[in-house]
Amino acid sequence: MDYATLLQILDSSLRLATPLLFACLAGLYSERAGIFDIGLEGKMLMAAMASASVAFLTGSVWAGLFAGMLASLMLAGIHGIASITFRGNQLISGVALNFVASGITVLVAQRLFGQGGRTPPLEGDARFTPIILPLAEELRGVPVLGPLYAEVISGHPLLVYVALLAVPVTWWVLYRTRFGLRLRAVGENPAAVDTAGISVKGLRFAAVAITGILCGLAGAYMATALQAGFGREMTAGRGYIALAALIFAKWRPVAALWACLLFGFFQALALRPDVVEAVVQVKVPVPFLDALPYVLTVLVLAGFVGKAIPPRAGGEPYVKER
Amino acid sequence: MAHAGYAIELKGISKAFGPVQANKDIHIAVPKGTIHGIIGENGAGKSTLMSILYGFYRADSGEIFINGKLTTIPDSQSAIRAGIGMVFQHFKLVQNFTVLENVVLGAEEGALLAGSLSKARKVLSDLSREYELDVDPDAVIEDLSVGHQQRVEILKALYRQADILILDEPTGVLTPAEADHLFRILKGLRDQGKTVVLITHKLREIMETTDNVSVMRRGTMVGTVKTSETSPEELAELMVGRKVLLEVEKTPAMAGKTVLKVEDLRVRDEHGVERLKGVSFEIRAGEILGIAGVAGNGQSELLEALGGIARATGRVELNGVELPLSGKGADGQSRRAAGIAHVPEDRQALGLIMDFTAWENVAFGYHNAPEYQKNGLFMDNDALRADTERKMERFDVRPPIPTLAAKSFSGGNQQKIVVAREIERNPDLLLVGQPTRGVDIGAIEFIHKQIVALRDQGKAILLVSVELDEIRSLSDRIAVMFDGRIMGFRDPETTDERELGLLMAGMTGKGEAA
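For the record, the sequence lines run as chains A and B.
Counting from 1, position 152 in the first sequence corresponds to residue 1191 in this note's numbering; the numbering is continuous, with no gaps.
Counting from 1, position 63 in the second sequence corresponds to residue 140 in this note's numbering; the numbering is continuous, with no gaps.
One or more of the hints may lead you astray.
To be verified - Here are the simulated EDC-like pairs of lysine to aspartate or glutamate, each with C-alpha atoms no more than 20 angstroms apart in a straight line:
hint: 1; chain 1: A; residue 1: 1346; chain 2: B; residue 2: 347
hint: 2; chain 1: B; residue 1: 334; chain 2: B; residue 2: 533
hint: 3; chain 1: B; residue 1: 196; chain 2: B; residue 2: 215
hint: 4; chain 1: B; residue 1: 327; chain 2: B; residue 2: 152
hint: 5; chain 1: B; residue 1: 354; chain 2: B; residue 2: 546
hint: 6; chain 1: A; residue 1: 1359; chain 2: B; residue 2: 140
hint: 7; chain 1: A; residue 1: 1289; chain 2: B; residue 2: 394
hint: 8; chain 1: B; residue 1: 526; chain 2: B; residue 2: 310
hint: 9; chain 1: A; residue 1: 1346; chain 2: B; residue 2: 522
hint: 10; chain 1: B; residue 1: 405; chain 2: B; residue 2: 423
hint: 11; chain 1: B; residue 1: 334; chain 2: B; residue 2: 288
hint: 12; chain 1: B; residue 1: 354; chain 2: B; residue 2: 340
hint: 13; chain 1: B; residue 1: 169; chain 2: A; residue 2: 1050
hint: 14; chain 1: B; residue 1: 526; chain 2: B; residue 2: 457
hint: 15; chain 1: A; residue 1: 1359; chain 2: B; residue 2: 466
hint: 16; chain 1: B; residue 1: 303; chain 2: B; residue 2: 326
hint: 17; chain 1: B; residue 1: 338; chain 2: B; residue 2: 288
hint: 18; chain 1: A; residue 1: 1240; chain 2: B; residue 2: 152
hint: 19; chain 1: B; residue 1: 279; chain 2: B; residue 2: 522
hint: 20; chain 1: B; residue 1: 334; chain 2: B; residue 2: 152
hint: 21; chain 1: B; residue 1: 196; chain 2: B; residue 2: 219
hint: 22; chain 1: B; residue 1: 327; chain 2: B; residue 2: 137
hint: 23; chain 1: A; residue 1: 1346; chain 2: B; residue 2: 546
hint: 24; chain 1: B; residue 1: 264; chain 2: B; residue 2: 288
Hints listed in this document are in silico derivations from the structure and should not be mistaken for laboratory results.
These numbers were taken from a predicted model, which means no experiment stands behind them.
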């Protein structure tokens, strides 16, 4: 495998890791606040459909992005009401919302466009287009680093950079701000937060809202940047992969970036069976490569990555005690 | 008109939960700069009253005056603003946060943490110098001892500039030395003009530390007295409403042959950490061996290994017959069949199923007994109910209704159900953990009598309790556990609390750490 091929694979790793990263950080906010969210998948799907539809109808990708975030926020709000206000079971609420999203996205898309549950292809201003970073072409001549900059770092849609930026921002929010301290506290011991005179419900709703916005970005990216339109079940389990990455990363933002890049790398490999064959000298069936990220997910979820301690109050509705 | 010399004055506070009147027309006045005790049995309404003061509940009627000013406390934030700090029985700390982060949580200066943390660091070092409250501000809570965690709770309150500090059962988890240190801190706070409210059921603590004491019984305030003008006997009588024997009446033990022989017993927890590190002892017939120690030093594992709940290694003989410690025969059922009855430490988790009825709970563990069977196939529920009614009668369980769910009984009556089930089976060895935790004084007296009576029938008894007074008054011999080992055996007649306290803290007789 030559350097150019490696760069191509890294390039698509980054593109494919982006929705995972958004969803993973989304899960991080929610779970750090003590609300398990298995419904990342559904929120992404909902956002993908909403953003693609609105982007197509208005011709503006920004309107689409906004609609995607709104749709995802709506599901997040329902999850919040079910699990925070009514202290319902967070897994059941999440699974239910996934089913709802799976059905309703196809239904709406079919009613709007009549194309078998997909949106028409997006083009022009209805899509995010790649951004060429400054000096990308000029530096291409620099050995090793130049092509890396031009091929891998530069030339992605805006949302890729937003996702990358979200990592240090999340770290900073979590560990350097009052909100972050309270967020981490409410996921570990809500009683401590409550007796300190802070609203447990308020904090948790805030966290769930951030989750909604980030899942919205993930879904909108899938439909308006990674691909050009919405298709039935287009998220293909990325919400679950993001959850696996979150566990892999032990609920830490920077580790989440590496975990998502790793999953993205595996997804990128599946696109290049020829390269894999050249490297391992064995013809690997494509379905096997396609399955790799999911196999890795299963391994992570089964606890092969060592001990990952989730936030202690995770999954438990907070009931005030005497 | 409220009196300005009172830190807290409550007038006519009432609070009902459905049909249960938790607080009835409570009047109380706590003078500034004093330590004020509130004592009462479980369910007397102490915690409800304090929850009203801290904004967890709103009173149905009545008025609260703080420093002479009429105050409404709808939530904890308002309580903090009014200068009230609360140290709960179960600490409200974030386990994986540092001391500093816990102190700052909810009292941050601005949206960014850096400023708050450095300010707190300075304030904390001033406070710890002033009040003997030494804690490393950068230590993570889960690495701290319980005593230190409690100091963090006090620091939290002081950092929020509390003038009034309420402590709910603060010594339940402390060694005697830690408790003494706590009381020194509290007296220091009082001398600086702070007001301390101490909620406890331990008469001795009230007598030693408080200036005044208020007694509650069944939701009402029975009276407030100056501590110097009262006695433990009088307080106990006020609490229960009748005369109570505080001392256990018992004759010297007539110990017979060895019933239980334990050699090098070891238990590992699910993480592979050794919790019981080679314990050896014997108990003879007609003898009570008391295990003293701060909670979490291997006592629970000892009870569980002997009761067949935890797997162990070593050697255990009952009446000369070796018992399997793992695999087949190492379970509660087999142990009961062998003649070991077990009153577990946590009755709500291990002793009872709270949603099941009293008679079903009485059947547990003995449900295969022949007298509860009929036609060789079915359980004889009628016989069980009748049997339960007899036991409830004999153990004075109130109300004596076998069809009532376990959770409907008070803590003391729940414990009586468990004790009745285990003692009435006439075991050779009774394992009993924390027999009177969360049990009111009247029931304590009764349960203690039953344990002594069983001993007098020539049974062996292993008593585990974190209440040193209970260990000292019931035991014929005392073993002190620390860090999974027995630090030494003492005779309750010749030892004193200081010596036991040192052993409980892991010091041997000469004062060096073991």
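TODO: Find the hints from earlier in the document that the structure breaks and name them by number, from lowest to highest.
DONE: Result: hints 4, 5, 6, 7, 9, 10, 11, 13, 14, 15, 16, 17, 20, 21, 22, 23 break, sorted rising.
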